[in-house]
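S.K.: Protein chains in written order, with my numbering: chain A, 147 to 453; chain B, 14 to 449; chain C, 183 to 476.
If you're looking for bench data, these hints aren't it; they were derived computationally from the structure. It is possible that some hints are incorrect.
Unchecked claim - In silico lysine-lysine, DSSO-like type, Cα no more than 27 Å apart, as pairs: (1) A:Lys415 x B:Lys187; (2) B:Lys187 x C:Lys236; (3) B:Lys333 x B:Lys84; (4) B:Lys142 x B:Lys350; (5) B:Lys187 x A:Lys207; (6) C:Lys236 x A:Lys149; (7) B:Lys144 x B:Lys84; (8) B:Lys144 x A:Lys415; (9) B:Lys227 x A:Lys207; (10) B:Lys142 x A:Lys415.
What the hints assert, rightly or not - The calculated label-pair distances, taken between Cβ atoms and stated as ranges, are: (11) C:Tyr264 x B:Ser67: 40 to 48 Å; (12) B:Lys59 x A:Val285: 53 to 61 Å; (13) C:Ala372 x A:Arg150: 15 to 23 Å; (14) C:Ala372 x B:Ala22: 25 to 33 Å; (15) A:Gly381 x B:Gly125: 33 to 41 Å; (16) C:Tyr264 x A:Pro394: 24 to 32 Å; (17) A:Gly214 x C:Ala200: 54 to 62 Å.
Unchecked claim - Far from chain B, by Cβ distances over 10 Å, these chain C residues were calculated: (18) Asp185; (19) Val197; (20) Ala218; (21) Leu231; (22) Arg272; (23) Ala283; (24) Phe327; (25) Phe329; (26) Arg331; (27) Phe352; (28) Arg362; (29) Thr363; (30) Met404; (31) Leu411; (32) Lys464.
For glycine and all other residues, C-beta sits at the position ideal for the given N, C-alpha and C.
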Amino acid sequence: MMKRKEAMAGYLFALPWLLGLLLFMLYPVGAAIYYSFCDFSMLKPPMRIGTDNYHDLMIDKVFWQSVGNTLIYAALAIPTSTLTALGMAMLLNTRVRFLPVFRTLFFLPSLIPQTSLAMLWLWIFNGEHGVLNVVVNAVLDHTINPIMTLFHHATIHGPNWLGDVSWTKPTMVVMGMWTVGNAMVIYLASLQDVPASLIEAADLDGAGPWQKTKNVTLPMISPIILFNVITGMIGALQVFAVPYIIFPDGSPARSGYFYTMYLFDNAFKFNKMGYACAMAWLMFLGILLLTGLSLWFSKKRVYYGGT
Amino acid sequence: MAITGVAMAACLFGLETVPLKHDKPGRIHIKYWEKWSGFEFDAIKKIVDDFNASQDKIFVDLLQTSEIENKAMFAISAGVPPDVAGLYSPNVPHYADERAIIPLDDFCRESGITQGDYIPAYWQLMTYKGKVFALPTTPASTALHYNRGLFREIGLDPNKPPETMEEMDAISDKMTVEKDGHIDRVGFTPSEPGWFNYAWGYYFGGRLWDGVSKITAMDPGNIDAYRWIESFGKRYGGSALTSFKSGLGQFDSPNNGFMDSKVGMEIQGVWMYNFVHTYGPQIDANAAPFPHPKDRPDLANTTYVDADVLCIPRGAAHPKEAWEFIRYVQRQEVMEKLCLLHKKNSPLTKISDHFWQVHANPWIHLFDSLARGKNAKVPARVGIWPEYQQELSASFDQALLLQGTPEQILQDVQDRMQAKLDGYSKRLKQREAEGL
Amino acid sequence: MIDADLRSMRSKAAVHRARMAVVYFVLIVMSVLFFAPFLWLVSTALKPLDQTMKMPPVWIPHPFEWHNFWDAISYGREQLGYIPFLVYARNTLLLCVVTVAGSVASNSVVAYSFARLKWPGRDLMFGVTLATMMVPFPVLMVPLFAFFRHLDWIGSYRPLWVPLWFGGAFNIFLLRQFFRTIPFDLTEAATIDGASQFRIFWDVIVPLSKPALAVVALFTFMSTWNDFLGPLLYLMDQKTFTLSLGLQFYQSQHNGTLWNLLMAATTCVILPVIVLFFFTQKQFIRGIALTGLK
Numbered sequence: 147m148m149k150r151k152e153a154m155a156g157y158l159f160a161l162p163w164l165l166g167l168l169l170f171m172l173y174p175v176g177a178a179i180y181y182s183f184c185d186f187s188m189l190k191p192p193m194r195i196g197t198d199n200y201h202d203l204m205i206d207k208v209f210w211q212s213v214g215n216t217l218i219y220a221a222l223a224i225p226t227s228t229l230t231a232l233g234m235a236m237l238l239n240t241r242v243r244f245l246p247v248f249r250t251l252f253f254l255p256s257l258i259p260q261t262s263l264a265m266l267w268l269w270i271f272n273g274e275h276g277v278l279n280v281v282v283n284a285v286l287d288h289t290i291n292p293i294m295t296l297f298h299h300a301t302i303h304g305p306n307w308l309g310d311v312s313w314t315k316p317t318m319v320v321m322g323m324w325t326v327g328n329a330m331v332i333y334l335a336s337l338q339d340v341p342a343s344l345i346e347a348a349d350l351d352g353a354g355p356w357q358k359t360k361n362v363t364l365p366m367i368s369p370i371i372l373f374n375v376i377t378g379m380i381g382a383l384q385v386f387a388v389p390y391i392i393f394p395d396g397s398p399a400r401s402g403y404f405y406t407m408y409l410f411d412n413a414f415k416f417n418k419m420g421y422a423c424a425m426a427w428l429m430f431l432g433i434l435l436l437t438g439l440s441l442w443f444s445k446k447r448v449y450y451g452g453t
Numbered sequence: 014m015a016i017t018g019v020a021m022a023a024c025l026f027g028l029e030t031v032p033l034k035h036d037k038p039g040r041i042h043i044k045y046w047e048k049w050s051g052f053e054f055d056a057i058k059k060i061v062d063d064f065n066a067s068q069d070k071i072f073v074d075l076l077q078t079s080e081i082e083n084k085a086m087f088a089i090s091a092g093v094p095p096d097v098a099g100l101y102s103p104n105v106p107h108y109a110d111e112r113a114i115i116p117l118d119d120f121c122r123e124s125g126i127t128q129g130d131y132i133p134a135y136w137q138l139m140t141y142k143g144k145v146f147a148l149p150t151t152p153a154s155t156a157l158h159y160n161r162g163l164f165r166e167i168g169l170d171p172n173k174p175p176e177t178m179e180e181m182d183a184i185s186d187k188m189t190v191e192k193d194g195h196i197d198r199v200g201f202t203p204s205e206p207g208w209f210n211y212a213w214g215y216y217f218g219g220r221l222w223d224g225v226s227k228i229t230a231m232d233p234g235n236i237d238a239y240r241w242i243e244s245f246g247k248r249y250g251g252s253a254l255t256s257f258k259s260g261l262g263q264f265d266s267p268n269n270g271f272m273d274s275k276v277g278m279e280i281q282g283v284w285m286y287n288f289v290h291t292y293g294p295q296i297d298a299n300a301a302p303f304p305h306p307k308d309r310p311d312l313a314n315t316t317y318v319d320a321d322v323l324c325i326p327r328g329a330a331h332p333k334e335a336w337e338f339i340r341y342v343q344r345q346e347v348m349e350k351l352c353l354l355h356k357k358n359s360p361l362t363k364i365s366d367h368f369w370q371v372h373a374n375p376w377i378h379l380f381d382s383l384a385r386g387k388n389a390k391v392p393a394r395v396g397i398w399p400e401y402q403q404e405l406s407a408s409f410d411q412a413l414l415l416q417g418t419p420e421q422i423l424q425d426v427q428d429r430m431q432a433k434l435d436g437y438s439k440r441l442k443q444r445e446a447e448g449l
Numbered sequence: 183m184i185d186a187d188l189r190s191m192r193s194k195a196a197v198h199r200a201r202m203a204v205v206y207f208v209l210i211v212m213s214v215l216f217f218a219p220f221l222w223l224v225s226t227a228l229k230p231l232d233q234t235m236k237m238p239p240v241w242i243p244h245p246f247e248w249h250n251f252w253d254a255i256s257y258g259r260e261q262l263g264y265i266p267f268l269v270y271a272r273n274t275l276l277l278c279v280v281t282v283a284g285s286v287a288s289n290s291v292v293a294y295s296f297a298r299l300k301w302p303g304r305d306l307m308f309g310v311t312l313a314t315m316m317v318p319f320p321v322l323m324v325p326l327f328a329f330f331r332h333l334d335w336i337g338s339y340r341p342l343w344v345p346l347w348f349g350g351a352f353n354i355f356l357l358r359q360f361f362r363t364i365p366f367d368l369t370e371a372a373t374i375d376g377a378s379q380f381r382i383f384w385d386v387i388v389p390l391s392k393p394a395l396a397v398v399a400l401f402t403f404m405s406t407w408n409d410f411l412g413p414l415l416y417l418m419d420q421k422t423f424t425l426s427l428g429l430q431f432y433q434s435q436h437n438g439t440l441w442n443l444l445m446a447a448t449t450c451v452i453l454p455v456i457v458l459f460f461f462t463q464k465q466f467i468r469g470i471a472l473t474g475l476k
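Just chain A, with the same shape it has in the complex (with noise of 0.2 Å):
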C-alpha cells in the first residue's frame, strides 16, 4: 500500500519532466527524422521525398566542407581547452596564495554572453585596429625575429586572423581558451578531492613532481576528464553562435563554415527543412558513434577508484 502511494507520488512529481521530455525531446527527434524523408518548409506542407536529402548531402560539397571544418575544429579545440584548463587548475593546486583572485580571473571570461564574446574579438582580431597582433608582433620582434634575422631568415608577423583561409579555426581555439574558467573549477574541485595520502605515498616513494602527476593525480581525476571531454566535444561540433557573428557565411571562403551554421541556413534561409533534419540527424548519429568510441577507448584508461 506504501509502496504503492509512493509509487503515485513518484509518477507525479516527475510528471512536468515526462510531459516534457515527450513534448520537447522525443517528439522533436521523432519529427526531425520523418521530416528528413521529405520536403518542407514553413510555408508548403511536407512532401514525402524517400532518401534524396541524404543522398543529396552525400554529394554536396559544402557539407563536406562544413564537416571538415568541424572536426578540424573540435579536433584542435578539445586537447587544447582540456590542456589549458587542467594545467591552469594544477598550477593553482599548489597551494597558492591569493587563489581566489586568480581563480575568479580565470572564470570570468567564460560568463560572458556568446556575441559579447563574438563583438570583442571580432575587434581583438581585426586586421587593421586590431590590438593582438600589435602584442604579437612586439613579442615576436624581440624574441624570435632577431634570430631569424641573424640567420637571413624572412621575419614572422602576427597572422591574418579573420582574413586566412588558415587562420580561421585557429582564431576559435584562441577564442575558446580563453574561456576554458568553466572547465578549470571543475578540475581544480576535482584535484582538491585527491587524497593526500596518496599523493605523500608517492613522495615518500621518492617520487619526481612529473611522476606523481602521471601515476597518481592524473589517474584519480580521469572520470572528470572524460567527462569534460565528452561534453567538450559535444559543445564543440555544435558551435553556432560566434562563428556566425565572426565569419558571416563562413568567410573568407568558407573556411569558417561550421556544421550548425549550415543546417541553420538551410532551415531558415534557404527554407530546405527537410533537408537540415536530414543533417541534424547525421550529426546526432556521428556525435552518438564519437561518445561511444570515447567510452570504449577509455575504459582501459580511466580509473573509476575514487567515489
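Got chain A sorted already, so can you dock chains B and C onto it with the hints?
M.R.: Coordinates of chains B and C only, in the frame set by chain A:
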C-alpha cells in the same frame, strides 16, 4: 510566497504584452518593413507620412529592418509577417517559389498598372514565371565612381576615366600604395564595396543561367571575370585586401573608404552621389560608365541594374490595404518625389520635366541612360538564388585568395548549383503533381 | 648524519621555492593575458571613434568619453522611437525571472522524485534523462520551430520560457545528486507520522536545499541572459529582442562598425553578469564543482 507569486504574474504579464499588436480604433494599421537607414529612411518616412495624411482609412507603421531579405522570410515562415515588405529585387524569385509573397496581377489590373508604365529592365525585376510579384520603390543602376583628386595626384587627367578594364587596372596599380604586404590605399579592388560580388560576370559578357534550367557558371564571360578577379589577388594579395577592408570605416560616414581617399575607384550605384555629397564633400568625385574589356567594345556601358521593391507577404493581415499603399507609391508624382529625395533615377517610362530640372544628382543622366541602354543586366531570376548567391560569394573569395584556377572554381560552382537547381525544379514539379 | 639531513632538507626547500616561483610567474603571466581583453574592451569603449583606429594603438584614451556609454545605450532612439538597449535589458530581465522561477520549481520537484521516491522504471528513466544531454540542439531546432509555429507562439516569448517549466536534464541531475545527500532518516520520521510527500518535500527537503536551489537559479539566470540561438529563432519583432540578440544591432549592415559604441554596449551587457558573479561566487564555484562529481 504570495509576493513571489505576484511578482511572477507581473513579469509574465510584461512578457505577454510586449509583442502584442494594438489596433487603434478606426484606422486599419498595416506594417511596412523597409531596409533603409539614415536619410534614405527619412525619405520613405516622408512618403509614408504623406500617405497617412492623404486618407483616413489606413495607417502605415513603418519599421526599419536590417537584413530584410532574411528577416522577412523568417517572419513569414513564423506566421508573423509584415503587410508590406521592402525587399531587394533579387529576392523575388525565391520568395515567389517559396509561396512567401502573393501575385499582384489582379491588383494591377484593377488599378490600371501595366507593363508599359515601367522601363523594361526594371519591369523584368518585378515579374517571375509570368506573374507580377513586386513593384518598385526606387531603382538603381551601377557605374564606376572615381576620385579625381587622386587622379591628379598621380599625374593623370582627371577628366579621362578609364574606358577599358586594362586601363583601369593600370591606373589602379599606379594608385595603390602598399608596403610589406600591408595596403594603405588601393586604386581599385573588386572586393570594394563587395555588394555585387556575384555580378562581375555580366561585365565580361557572362551569364549566370540560361533562364530555363541550366546553370551557366562556366560561361567564358564568367571565366574571364574570375581571371580578372584573380589578378587582384595576385597583384595585391587576397589576404591583404581582406585586412584592408576590415579597417575601413562605416559606409555612411566620412570614414567610408572612398570618401576617405583610401579607395580610388569603386563600383557603386546611383545612390552614391547622396553619400559622397553628405559625408565626403572634401573629395572631388565623378561617375562614369564601368569599363569594358578591351576586346569587347560591345560590352561598353554595361550596368548591373537592381531595384528596391515592395511585396505583399503571404499571410499578411491586411493585403488589400497593403496594396493601397503600394499603388500610392507607384503614382508618378509620388515616385518622382521619392526618387528625388534619394537622388536616384525613376523606374517609370514617363518622367516629368520638373524631375530633371530639380534633380540634385549631377550624374543622374548617366545612370538613367545606362538603365535604359541595351547592356543593362538584371540579376539571375532563379529560385535557388540565396544558395547561388552564397556560392558565388564564396567562390569570389576563393578566386581572390588564389585557391584554384578560375576554371576549377567555376566548375565546382557549376556542378554544385546545377545539382541544387535540378533537385529544386524536380520538387517543384512533384508538388504540382501531388497538389501539395 | 644530522648534517646530511639538514643539507638535504635545505636543498629540498630551495627546489620547492624555485618551483613555486615558476608557478607564480606563469600564473601572473596568464592573469595578465586573461584580464587584458577586458581592459581593452573598456579602453575602446571610452575612446572617440577616430582614436579607435589609430596605429600604433592608443592604450589609454584621452579624453575619457564617458558619454559613449550613454550613446551606446540610446543608439537608434530616433529611428525606433524607443531606447533599444533599455528595452532589451527589460525584456531580458523579465524573461530571466520567469525562467528562473520555472526552472527552480520544476527541477526541484522532479529531482525529488528521482532522489527520494521509489517507483518502477525510475532508474531507467534517470538513465534516459542523462542520455538526453547528448542530443544536440540542432536535431530539435526545426521540429520545435514547426511545433511552436503550429501553436502560433513564434514571435512571443513562450517558446523561451514554457519548456523550462517542465524541467531540464542538467538541473535534474544536479539536484538529484544533492537531494540524495540528505539523510533518509529525517524523512522517514515524517513518513511514519503520515505526512504527505508534498509536505515532506516542502517542509524538509526544500529548506535544507537552499544552496543547491540557489545554484540552479544562478545557472538558469546565466543561461537565459546569455542565450543567443533561442531568441534568434523565436523572437521576430525588434522591440522584443533580448540583450544578447540586440547586440547585433550595433553591427552596421553595410560596411564598417562603430567600434567604440559596440564595445560600450558589450561592456553594459557583460557588467551585470560579472557583478552578479561577485555577489554569488561561492554558490557558483560550488555548483560547478557539484556537476563534476559523478
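S.K.: Decide, hint by hint, whether the structure agrees.
M.R.: Hints, verified against the model:
1. A:Lys415 x B:Lys187: violated (42 Å)
2. B:Lys187 x C:Lys236: Given that 27 Å is the threshold and the Cα spacing comes to 26 Å, the pair holds.
3. B:Lys333 x B:Lys84: holds (23 Å)
4. B:Lys142 x B:Lys350: violated (31 Å)
5. B:Lys187 x A:Lys207: Roughly 40 Å separates the two Cα atoms, so the pair is violated.
6. C:Lys236 x A:Lys149: violated (75 Å)
7. B:Lys144 x B:Lys84: OK: Lys144 of chain B and Lys84 of chain B at ~24 Å, within 27 Å.
8. B:Lys144 x A:Lys415: holds (23 Å)
9. B:Lys227 x A:Lys207: holds (19 Å)
10. B:Lys142 x A:Lys415: Holds, at roughly 22 Å.
11. C:Tyr264 x B:Ser67: 40 to 48 Å: violated (27 Å)
12. B:Lys59 x A:Val285: 53 to 61 Å: Holds, since Lys59 of chain B and Val285 of chain A (Cβ atoms, about 55 Å apart) stay within the stated range.
13. C:Ala372 x A:Arg150: 15 to 23 Å: Given about 19 Å between the Cβ atoms, the range holds.
14. C:Ala372 x B:Ala22: 25 to 33 Å: Given about 32 Å between the Cβ atoms, the range holds.
15. A:Gly381 x B:Gly125: 33 to 41 Å: violated (60 Å)
16. C:Tyr264 x A:Pro394: 24 to 32 Å: holds (28 Å)
17. A:Gly214 x C:Ala200: 54 to 62 Å: Violated, since Gly214 of chain A and Ala200 of chain C (Cβ atoms, about 46 Å apart) do not stay within the stated range.
18. Asp185: Holds, since 64 Å exceeds 10 Å.
19. Val197: Consistent with the label, Val197 of chain C stays out of reach of chain B, its closest Cβ about 47 Å off (over 10 Å).
20. Ala218: holds (21 Å)
21. Leu231: violated (8 Å)
22. Arg272: Violated: least Cβ distance 8 Å, not greater than 10 Å.
23. Ala283: violated (5 Å)
24. Phe327: Non-interface label fails for Phe327 of chain C: nearest chain B Cβ at 8 Å, not farther than 10 Å.
25. Phe329: holds (12 Å)
26. Arg331: Answer for Arg331 of chain C: violated, closest chain B Cβ roughly 6 Å.
27. Phe352: holds (23 Å)
28. Arg362: Non-interface label on Arg362 of chain C holds, nearest chain B Cβ at 27 Å vs cutoff 10 Å.
29. Thr363: Correct as stated: the minimum Cβ-Cβ distance to chain B is 26 Å, above 10 Å.
30. Met404: Since the minimum Cβ distance to chain B is about 18 Å, Met404 of chain C lies beyond 10 Å and the statement holds.
31. Leu411: Holds: least Cβ distance 14 Å, greater than 10 Å.
32. Lys464: holds (23 Å)
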